[in-house]
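Protein chains in written order, with numbering that gives the first Met the number 0: chain A, 0 to 174; chain B, 0 to 389.
Rather than coming from a laboratory, the hints here were simulated on the basis of the structure. It cannot be assumed that every hint is accurate.
Here are the computed lysine to aspartate or glutamate pairs in the DMTMM-like style, where the Cα-Cα straight-line distance is at most 25 Å [as the list claims (entries may be wrong)]:
1. B/Lys344 / A/Glu71
2. B/Lys48 / A/Asp134
3. B/Lys294 / B/Asp165
In this text the structure is predicted, and so the values were computed from the model without any measurement.
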Amino acid sequence: MTGTQTVVQRLVATFGEGPVTVSESNGAPHVTLDPRRAREILDFLRNDPECAFEMLTDLFGVDYNTKKDRFELVYLLNSLSKNMRLAVKVRLNEGEVFPTVSDIWLAADWFEREIFDMFGIRFLNHPDLRRILLDDDFEGHPLRKDFPTEGYDFDRPLVVQLEEEREGEQEGEKG
Amino acid sequence: MAETRFMTINMGPQHPATHGVLRMLVELDGEVIKKSTPYIGYLHRGVEKLAEARTYLQALTLSDRLDYTNGLSNNLAYCLACEKLLGLEIPKRAQCLRVVLCELQRIAAHLLWVATHALDLGAMTVLFYAFRERETILTIVEHVTGARLTPSYIRIGGLAKDVPPDFKSMVQAFVDEFPGKIDEYETLLTKNVIWRRRTQGIAQLSAPDAISYGVTGPVLRASGVNYDVRKAYPYSSYDEFDFIVPLGTNGDVYDRYLVRLQEMRQSLRIVEQGIAKLPDGPVNAHVLDVVPPDKDEVQHDMAALIRHFKIMEEGFKPPVGEAYGAVEAPKGELGFYLISDGSSKPFRMRIRAPSFLNLASIPKMIEGQMVADVVAAIGSVDIVLGEIDR
Chain A
0 MTGTQTVVQR LVATFGEGPV TVSESNGAPH VTLDPRRARE ILDFLRNDPE
50 CAFEMLTDLF GVDYNTKKDR FELVYLLNSL SKNMRLAVKV RLNEGEVFPT
100 VSDIWLAADW FEREIFDMFG IRFLNHPDLR RILLDDDFEG HPLRKDFPTE
150 GYDFDRPLVV QLEEEREGEQ EGEKG
Chain B
0 MAETRFMTIN MGPQHPATHG VLRMLVELDG EVIKKSTPYI GYLHRGVEKL
50 AEARTYLQAL TLSDRLDYTN GLSNNLAYCL ACEKLLGLEI PKRAQCLRVV
100 LCELQRIAAH LLWVATHALD LGAMTVLFYA FRERETILTI VEHVTGARLT
150 PSYIRIGGLA KDVPPDFKSM VQAFVDEFPG KIDEYETLLT KNVIWRRRTQ
200 GIAQLSAPDA ISYGVTGPVL RASGVNYDVR KAYPYSSYDE FDFIVPLGTN
250 GDVYDRYLVR LQEMRQSLRI VEQGIAKLPD GPVNAHVLDV VPPDKDEVQH
300 DMAALIRHFK IMEEGFKPPV GEAYGAVEAP KGELGFYLIS DGSSKPFRMR
350 IRAPSFLNLA SIPKMIEGQM VADVVAAIGS VDIVLGEIDR
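Excised from the complex, chain B in its bound form (with noise of 0.2 Å):
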C-alpha cells in the first residue's frame, strides 16, 4: 500500500490570477483540493482608523481608494451614510446622475471582470474587446468628473458639480452601440464549448451556504437568492426606474458569467431612462453649512468665500447619532456605517466590503474540486483587495 501524502502549495500573493496581492495556501490530494486557506491583508492602509483622523469631506476620497473600479459607487455609499446622519434631502436631479453615473461604473467594472476572467481562462480576444468598451466609459467619467478612476465626485449633499453640457450626448452615443457589443462577447463566450467546460459546474455554492457566508451581488444571485440593494432598499430613486435583476440556478462560474452579462444589458436599460428623464435643476442640497458654494460665488461673494473656508478648514458637525449606508456596488452590498459623536470627524466608520465577505466563500466552493479550477473560482468571485485590505 503506497502512503497517502498531502501537497500543500503556495499560490499568491504575486500570481496574475489572483487579481491583486491574495495568498492561497492549497492542500492537495493529487489533483484535488482538500483544503484551502485565504491569507489577506498584504494591501492593508487602516482606511477604518485614517477616517477617524479626517473630517467628513476629507474622507470622502478615502472611499475612491476601496475598489478601484468603482470609485462612484463607493462614494455614494459614504455621501448616503453621511446624509442619513445629517438629514439631508437630495435634489431629483442629482439623484437622477447619480444613478446614471453608478450604472455606467458598473458596466465598466463588468467589463473589466470579463476581460481578465477571460483571460485567466484563456481566451485572450475577449479582453481587448471589453477594455475598448471600458475607455468609453472611462472617457465618460474622466469628461464628467476630471479622473478615471479616484473621481470624488458624489459629495455630501449632491455633486461636485453638474455634468457637462455634452454629457447626454456622449452616454447616448454609448448606450446606441452597446448592445451589439455585449452581443460580441456573447459570440465569444456564451456557446464556446472550450469555456463551457471549463465553467459549467465548477465551483458551485448552494444558496443556504451562500446566505451564511454573507455573500452578495452577482455570486448570490447566481446561486438564485433574489436580493439585490437597489430592490431591496431603495436608495437615491432607484425605486423610479423598470429593471429587472438577473438570477441564476446552478450557482457554479458560467452562472455567474450569465449573470453578469445580464446585469450589464439592465444598467444600460438604467442608464437609458436616467438621461431620457434627467430633470432639471440644482445638483446641490441647499444647505448651506455642509455644502460648499460654487466657485464663481466664492470670487464675488465675500460671505461665500467665509462659508467655504469654514467648511473646508473645519468641517462641519452631524448630531450624536448612527447611520448604515448600502448601495448595491458591482462586487455585492456596499455599506458605511458611520457613528458621530458631534464632532466634524467620525468617530467610528466601518465599511462593509462585499468583496471581503466573498473571498471568504471561495474555500467552500472550491473543496474537492480540481486545482485548475482554483483559478477559475477566484476570477469568478471577482475580488478587489483594495476593499478586502482596507
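Bound conformation, chain A alone (with noise of 0.2 Å):
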C-alpha cells in the first residue's frame, strides 16, 4: 500500500466518509471535500504528523460550467518528508466564497490571487485580493468558460485614462 493510501484511510477514519470522497484517475488518489469542512481538513492535512504536506505545489481553479457546483478548485499537495503528493478538490457554486488557506500555506496567498483573477472566486480572509496577472480594470474573468477566447470586444482601440480626467469629466457632466 502506498503511503498516499494510507493518508486517504487515515483521512476518512478522522473524518468520516460524509466529508471526504475518494476518486481515482490515472493511478492518482484525488479526495473530494465538503466545502464546509474543507478549511478544517486541509489544516489537518498540512499539520498531522502522518500526512505532513509541506508544500502547496498548486492549487487552481477549473470551471465546468454546470448549473450545480460549478467551479472547483484543486489543492495538489506534496509532501516533501514522505514523499507524496496528493490532489484534493472542492466544489463550489457560483456566488460561493471559499475560507482562504494563505495562513496554512503562503503559496495559496498568490494563487487564490489568480483563482480570483481568472474564475472570479472570492476567498474570506484572504489578506490581499486583488488581480494579479490581469489590469485591475479588465472586466470579466477570463478562465470561465462562457468567456470567449479572443475577449469580448478585441477591435475595441484601449483608450487610457487618468484618474484625474475621468473624475474631471464627471464634474463637466454634472455642471
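With the hints in hand, could you dock these two chains into one complex?
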C-alpha cells in the first residue's frame, strides 16, 4: 500500500465518509471534500505528522460550467518528508466564497489571487485579494468557460484614462 | 525630533535588472527596505485559455514560450502529462535522449543565469565567457531540433525525429571541454572578494519559509532542503542515472550561486552517462492514432498519409481523466495539470510555473535589506516573466 492510500484511509477514519469522497484518475488518488469542512481538513493534512503535506505545489480553479457546483478548486499537495502527492478538490457554486488557506501555506496567497482574477471566486479572510495577472480595469474572468477566447471586444481600441481626467469629465457632466 | 517618512520607489517594469517586465514597488526607510510589492502580468498572453481552443498537439507549441531559456524541459513536462492521460510507454532511446537534451538545456539556462546575474552585480567578464559556452549548446540544440529557443522537439509519444548521426560527437566534444570552463567562472567569482561581499548573507530565505512559499529548484536547495523532482518522483528514466543533488546551507545569494554551479557539473555527468549508454531503437511509441508517421512513410503509403492527416487535423482523444506531469526545470518544479473531457482538446491545462512561486517569496527575502540588494535578490532567484505571466 502506498503512502497516499494510507493518508486517504486516515482521512476517512478521522473525518468519516461524509465530508471525504475518494476517487482515482490515472493511478493517482483524488479526494473531494465537503466545502463546509474543507479548511479544517486541509489544515489537518498540513499539520498531522502522518500526512505532513508541507508544500502546496499548486492550487487552481476549473470551470465545469454546470448549474450546480460550477467551480472546482484543486489543491495539489506535496509531502517532502513522506515523498507523496495528493490532489484535494472542493466543488463550489457560483457566488460562493471559500475560506483562504494562505495562513496554512504562504504559497496560497498568490494562487488565490490568480483564481480570483481568472474565475472570480472570492476567498474569505484573504490578506490582499486583488487581480494579479490582469489589469485592475479588466472586465470579466477569462478562464470561465463562457468567456470567449478572443475576448469580448477584441477590436476596441484601448483608451488609457487617468483618474483625474475621469473625475474631471464627471464634474463637467454635472455642471 | 525629525519626522520619519518612508519613500516609495518604483522599480521597473522597464528595468534591466528585473529580467523582463517585472515591476517592484519598494517602500524605503532611508536605505532599508520596509516592504516591497511585486506587480506582474505585463506579459500575460492567456496560455491556459489558448490551450483550451487547441488540440493536444497544437498546445505543445505554447509550452515552448513559457520559460524561453528552457524550451525542451517545458515540452517534456507537457508531454509527460499527455502521456499519462493516454497511458503511453516511451521507448528507452527516446527517454535517454530526452534526458540528455534537457540536461544540456539546463546547463544553457544556468549559463544564461550566471552571466546576467554577474552582470547585474557588476562583473561583466563572466557574461562573455558564459555566452560563449551557451552558444555551443544552442548550436547543438539547433542542429538537433531546428530551432534555438522554441524547439517543440519532444513530442507526445517520443521525439519529433531521431537525432542526427554526429549528435554524439558534438555532445562529447562539449562534455570534454566544459569542466575547464566552469573552473574559469569559478576563478572569476567564487573567491572574488567583491562578489562575496555582495552575495554572502544577502536575501536569506529559511527552509521552513521556502517550503511554505512553495519555492522549488536551486533556490529551495540553497536553503538546505533536499527536494528535486528528478530524485523524488523520477521521470523519463532519471532513476537509472547517477548524480547527486547539491545543497546549500545559508539560503543566501551566494549559496544559490554555488548550488547552480554544482548543478551544471552534475548535469554534465548525466549528459556523459546518457550518450555513453544511448540505446538503439525507435524514438517513438508505436501508437498509430497518436504518433504521426515518418515523412518518408507518408510519401509512399496511402494509409500513412490518411493517418497523418487525421492526427494533424482532428487530433487524438485521450480518455476522460486527469494527469499531472512534472519535471525539474532549471528554475524549479514545472508541472502541467491536464483535465480531459474525452475530446481532442484539453478541457483545462494548468501550468504550475516555478518562477511564479519563487517570485512570491522575494518580498520576504528582501525585507530589512538594503535597497542595492534588491537587484541581487531578484537575480539570484532567476525568474523568467514568460512563465510567471503565462
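Here's how the hints hold up against the structure:
1. B/Lys344 / A/Glu71: Roughly 19 Å separates the two Cα atoms, so the pair holds.
2. B/Lys48 / A/Asp134: 17 Å, holds
3. B/Lys294 / B/Asp165: 21 Å, holds
Taken one by one, the earlier hints all hold for this structure without exception.
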